[in-house]
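Chemist: Order-wise, the sequence lines are chains Z and A.
With the working numbering, letter number 163 in the first sequence gets 163, and the count goes up by one each step, no holes.
Positions in the second sequence are counted from 1; adding 234 to them yields the working numbering.
Hints are supplied without guarantee of correctness; some may be wrong.
Here are the simulated distance ranges between beta carbons [said to hold, decoys possible]:
#: 1; chain 1: Z; residue 1: Ala214; chain 2: A; residue 2: Ala294; range: 18 to 26 angstroms
#: 2; chain 1: A; residue 1: Gly530; chain 2: Z; residue 2: Asp88; range: 37 to 45 angstroms
#: 3; chain 1: Z; residue 1: Pro113; chain 2: A; residue 2: Leu410; range: 45 to 53 angstroms
#: 4; chain 1: Z; residue 1: Val115; chain 2: A; residue 2: Ala384; range: 52 to 60 angstroms
#: 5; chain 1: Z; residue 1: Gly199; chain 2: A; residue 2: Pro416; range: 18 to 26 angstroms
#: 6; chain 1: A; residue 1: Glu438; chain 2: Z; residue 2: Arg228; range: 38 to 46 angstroms
#: 7; chain 1: A; residue 1: Asp292; chain 2: Z; residue 2: Gly56; range: 51 to 59 angstroms
#: 8; chain 1: A; residue 1: Ala352; chain 2: Z; residue 2: Val115; range: 49 to 57 angstroms
#: 9; chain 1: Z; residue 1: Glu57; chain 2: A; residue 2: Ala368; range: 39 to 47 angstroms
#: 10; chain 1: Z; residue 1: Pro33; chain 2: A; residue 2: Glu438; range: 27 to 35 angstroms
Quick look at which bits of chain A chain Z covers, simulated, 3 or more residues with Cβ under 8 angstroms [said to hold, decoys possible]:
#: 11; segment: 418-429
#: 12; segment: 438-445
#: 13; segment: 506-513
Some chain A residues well away from chain Z (every beta-carbon gap over 12 angstroms; in silico) [said to hold, decoys possible]:
#: 14; residue: Leu269
#: 15; residue: Ala302
#: 16; residue: Thr306
#: 17; residue: Val323
#: 18; residue: Gly379
#: 19; residue: Gly399
#: 20; residue: Gly401
#: 21; residue: Asp406
#: 22; residue: Gly415
#: 23; residue: Gly479
Derived by calculation from the structure, the hints in this document are not laboratory data.
We put the CB at the ideal spot given by N, CA and C, even for glycine.
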Amino acid sequence: MAGSADAGRVLLAGPGAVLLELPTFLPPPDGAPDPVADALRVAALAVAIRVCVGRGELVAVDVVPGARTVLVDGVRPGDTDLLRSLLDEAVGAPAVGASGDGASGDGPLIELPTVYDGPDLAAVADLWGVDTDTVVARHADLEFRVAFCGFAPGFAYLAGLPAAWSVPRRGQPRARVPSGSVGLAGTWCGVYPGSSPGGWQLLGHTGVRLFDPAATEPAVLAPGRRVRFVPVPG
Amino acid sequence: MTAPRVTAPGRTLTVLEPGPLTTVQDLGRPGLAHLGVPRSGAVDRASAAAANRLVGNDPAAAVLETTAGGCTVRFGRAVTIAVTGAPCVVTVDGVGAPHGLPVTLAAGSRLHLGPATAGVRSYLAVAGGIDAPAVLGSRSADLLGGLGPAPLRAGDVLALGPPAGTGPAATDVPVLARVPGPDGVAVGVSPGPRVDWFTPDAWEVLLSAGWTVAERTDRTALGLDGPLLPRVVTDELPSEGLVLGAVQVPTAGPPLVFLADHPVTGGYPVIAVVAAADIGLLAQCAPGTPLRFHAGRLPGLRLPG
Chain Z
1 MAGSADAGRV LLAGPGAVLL ELPTFLPPPD GAPDPVADAL RVAALAVAIR
51 VCVGRGELVA VDVVPGARTV LVDGVRPGDT DLLRSLLDEA VGAPAVGASG
101 DGASGDGPLI ELPTVYDGPD LAAVADLWGV DTDTVVARHA DLEFRVAFCG
151 FAPGFAYLAG LPAAWSVPRR GQPRARVPSG SVGLAGTWCG VYPGSSPGGW
201 QLLGHTGVRL FDPAATEPAV LAPGRRVRFV PVPG
Chain A
235 MTAPRVTAPG RTLTVLEPGP LTTVQDLGRP GLAHLGVPRS GAVDRASAAA
285 ANRLVGNDPA AAVLETTAGG CTVRFGRAVT IAVTGAPCVV TVDGVGAPHG
335 LPVTLAAGSR LHLGPATAGV RSYLAVAGGI DAPAVLGSRS ADLLGGLGPA
385 PLRAGDVLAL GPPAGTGPAA TDVPVLARVP GPDGVAVGVS PGPRVDWFTP
435 DAWEVLLSAG WTVAERTDRT ALGLDGPLLP RVVTDELPSE GLVLGAVQVP
485 TAGPPLVFLA DHPVTGGYPV IAVVAAADIG LLAQCAPGTP LRFHAGRLPG
535 LRLPG
């Protein structure tokens, strides 16, 4: 490994890939991790890497954002110095738009009409110590940011839920979560693009098709985009 | 897959018996991991590439990948085919045919691939390629992400592309796949991004242990049975990107080695990465295969100074 945790680290992921790790952004006063700030820095780093690839300064097959990392796969041996300097720039840049206050205007805003009829709406209300109408109002009031995709094509991990509203995953995952389900796990919000097993707390569902391989942009919730959920009647 | 897009009447392959798992594969969908799309593609890329070369195909042509049990198909027209990968009995209308060489079949021929006699995955290339519909630029079946053609079923009719016209590769030396020997396999690894989440002893254990390929083994990952790899960092790992060949160690289970249909991100630490050149060998490891890791002196990246 090279670099200290404070400066971010360049980690080798086999002979042809590098994992760039950002230091955790720890805002005052309580130093709690801020997934939105992490997501913004990760997004900026991923964009900077792609710009270099576009200019021919770097070769990469995949640039994969994570919660606090960017994996750059298919790189050449001589590229680690440039990747280190890109990481340094991302670390040094201020993280604009901290936790939930509405990030700066970069990135398109996606609005998802959502029917808040999820099977875990009452359970989340209990966890938050409020009624279900308040759960809906709180969730719909937040602006989320797509931090990264994983788990399934078009499944985006959305940052923006304040740490105080973190919820555990369900003790037992469901064998089948319906396509379009909107759920929470930890401080992440996610929308299932297809039916699959899942252990997230389900608040409702959206009818928007989130992944279409035939579309020009196959994933609606691509990294860097902003997302709001709009309550609609069922 | 019962509505073939045919470029000429009868230029089809009909599935008579699909075997335990036969899928269409090509070079996969690299470059889309940031959208949650696995790379997919043939797990034993060298064998798939060899099959395409033997029939004169473009390297990106789609082939059939069989798993352990083989398959039986019938061709509507005369075709040139080749079977590579795990050795198996090959018959044309019941008559023995070579593995690892191009074979010309008459129209209506019934081609049978028997169970693998060593290894796991065999590859069937047809001159012109399997012309299944492409999804995100690839005809590969991604069994994790659910993209591409479904696994073959009896009665499926697949279209075949037109032959490239260059003819099969001139060869009289059969192509042989790397398959496990009587003592199993030895596979090269380099340290993974989270090797420092494990004790120094854990790396030594990884390299010295006699691992066994687990029952839980598929296109997504090869499971391993073996010793515990102790960690020094017991935090949860925020999800991060995974590479092909990543040796991931879940908190409450034995390690997995990620293969073609691996998820693009994961939340468990990766202690090592298998050399790309050895992934095809892993593709040929059935449950029960003995496996050892060695720290190969692999060319590659250096850390920035």
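Chemist: State for each hint whether it applies.
Modeler: Results of checking the hints against the structure:
1. Ala214(Z) with Ala294(A): 18 to 26 angstroms: This hint holds: roughly 20 angstroms between Cβ atoms.
2. Gly530(A) with Asp88(Z): 37 to 45 angstroms: Given a distance of about 31 angstroms, which is not inside 37 to 45 angstroms, the answer is violated.
3. Pro113(Z) with Leu410(A): 45 to 53 angstroms: For Leu410(A) against Pro113(Z), whose Cβ atoms are near 58 angstroms apart, the range 45 to 53 angstroms is violated.
4. Val115(Z) with Ala384(A): 52 to 60 angstroms: violated (31 angstroms)
5. Gly199(Z) with Pro416(A): 18 to 26 angstroms: violated (43 angstroms)
6. Glu438(A) with Arg228(Z): 38 to 46 angstroms: violated (51 angstroms)
7. Asp292(A) with Gly56(Z): 51 to 59 angstroms: The hint (51 to 59 angstroms, Cβ to Cβ) is violated, given that Asp292(A) and Gly56(Z) are roughly 26 angstroms apart.
8. Ala352(A) with Val115(Z): 49 to 57 angstroms: holds (55 angstroms)
9. Glu57(Z) with Ala368(A): 39 to 47 angstroms: For Glu57(Z) and Ala368(A) the Cβ distance comes to about 31 angstroms; the hint is violated.
10. Pro33(Z) with Glu438(A): 27 to 35 angstroms: Holds, at about 33 angstroms.
11. 418-429: holds (count 5)
12. 438-445: Violated - the segment 438-445 of chain A has 0 residues with a Cβ nearer than 8 angstroms to chain Z, which falls short of three.
13. 506-513: Answer holds; 4 residues pass the 8 angstroms Cβ test.
14. Leu269: violated (4 angstroms)
15. Ala302: For Ala302(A), whose nearest Cβ neighbour in chain Z is about 26 angstroms away, the distance exceeds 12 angstroms, so it holds.
16. Thr306: holds (31 angstroms)
17. Val323: holds (37 angstroms)
18. Gly379: At about 5 angstroms from chain Z, Gly379(A) fails to clear the 12 angstroms cut-off, so the statement is violated.
19. Gly399: holds (30 angstroms)
20. Gly401: Gly401(A) clear of chain Z: closest Cβ-Cβ about 32 angstroms, beyond 12 angstroms.
21. Asp406: Answer for Asp406(A): holds, closest chain Z Cβ roughly 35 angstroms.
22. Gly415: Answer for Gly415(A): holds, closest chain Z Cβ roughly 25 angstroms.
23. Gly479: Label violated. Min Cβ-Cβ 6 angstroms, cutoff 12 angstroms.
In the structure shown, a violation is registered for the earlier hints numbered 2, 3, 4, 5, 6, 7, 9, 12, 14, 18, 23, in ascending order.
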